[in-house]
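Since chain S is already given, all that's left is putting chain Z on it; use the hints.
Chains S and Z, in that order, give the protein sequences.
The first sequence maps to residues 1 to 182 in our numbering.
The second sequence maps to residues 1 to 182 in our numbering.
Note that these hints are calculated values from the structure, not bench results.
Hints are supplied without guarantee of correctness; some may be wrong.
The list cannot tell twin chains apart, which means a pair is met if one copy fits it or any two copies do.
[Stated by the list, open to error] Calculated cross-link-like contacts (lysine to aspartate or glutamate; reagent style DMTMM-like; alpha-carbon spacing at most 20 angstroms):
| id | residue 1 | residue 2 |
| --- | --- | --- |
| 1 | 86 | 108 |
| 2 | 86 | 141 |
| 3 | 167 | 19 |
| 4 | 167 | 125 |
| 5 | 167 | 80 |
| 6 | 86 | 125 |
| 7 | 86 | 19 |
What you are looking at is a predicted structure, and each value in this text was computed from that prediction instead of being measured.
2 protein chains.
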Amino acid sequence: MALGKDYAAQSCSLARTLELVGERWTLLIVRDAFYGVRRYNDFLMHLAMPRAVLSTRLRTLTDAGVLEAVRYQDAPPRDEYVLTAKGSQLWPAVYALAMWGEQHYGAEGGRRRDFRHAECATRLDQAGRCPACDVNVPPQDVEMRPGPGAGSVPQDPVSRALMTPHKLLEPLPQPLSQPLPG
Amino acid sequence: MALGKDYAAQSCSLARTLELVGERWTLLIVRDAFYGVRRYNDFLMHLAMPRAVLSTRLRTLTDAGVLEAVRYQDAPPRDEYVLTAKGSQLWPAVYALAMWGEQHYGAEGGRRRDFRHAECATRLDQAGRCPACDVNVPPQDVEMRPGPGAGSVPQDPVSRALMTPHKLLEPLPQPLSQPLPG
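For reference, chain S alone in the conformation it holds in the complex (with noise of 0.2 angstroms):
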């Protein structure tokens, strides 16, 4: 069996991933919604892309089964954002890269933002395990705060809701405040 010159010809299963999530904005939406981000106008604010690449990456991750879209309003038509349980699987993923950044990229005052098993509130490790208990954390076990390298907020409402400590996968309080006035 000959390699095509096409990447999707390769039978491995990591390109196959890559091409759905080998992408910056996606990635960045997928760690958005475990963060609690769900609607588009929210996606939009905090990620602050281009409208047009919002909607094809929302569609793609709908379609690929990673995003569910669920109704929750009707007049007019809104759908929320919510991952599935494959989409909930990329958590390892996204938490390792994460990590990575923090270690080469982080803020100068330390990390962004603290992760911890929220049963008993102590820090995950580099692998996402709660050292305390032993095992390792689900995202809907995970609580995220605020880090001592968080430095100024952004005004946005977005940026401000997810400062507050909150388990990861649970929906952001609706209505979000209004932006800061200037």
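Same frame as chain S, but now just chain Z:
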């Protein structure tokens, strides 16, 4: 502090990480480097990617300190691309993405590749730990073997060399055997 329109303006270390490795070819090069691929022509043969893209990505990864160019031949001058300590720390992310891929886009017959703790030959769990020794296994202690879903092996010499059980990060034996005829 207002959020910039540009994604690069976000003071998030994951965003900065994805600027570097959030591109599918880049992560496939890094994966191959873990597998023991080091030479330009071997990356080219195994990944079947355009030369210009490979050259650009290798330069980006070298500039970022993920790979180091090491001269192995003077006439004509030729470099090998070797993972640095910083690059090796990407293993948990690469492993997590590969595991998710196996889970959702894997071969019908099961895992294409087996990753084992070299010391005790136990297969790593989904989180990259050795369940027998109860340790996170660093890449240099991981042995890679063909898995039950390996299927038919492409005929190029790199793919064939990768089917031989060997430790991660160890360079493929050189010179590689010639492609099979026909």
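Structure-based check of all given hints:
1. 86 / 108: Answer is between; shortest inter-copy Cα gap is 18 angstroms, intra-copy 35 angstroms.
2. 86 / 141: The answer is within: 17 angstroms in one copy meets 20 angstroms, while 29 angstroms across copies does not.
3. 167 / 19: Intra 29 angstroms, inter 27 angstroms, cutoff 20 angstroms: neither.
4. 167 / 125: within (17 angstroms within a copy, 25 angstroms between copies)
5. 167 / 80: So residue 167 and residue 80 pass the 20 angstroms test inside one copy only (18 angstroms; across, 45 angstroms).
6. 86 / 125: between (24 angstroms within a copy, 18 angstroms between copies)
7. 86 / 19: Result: close within a single copy only, 16 angstroms intra versus 25 angstroms inter.
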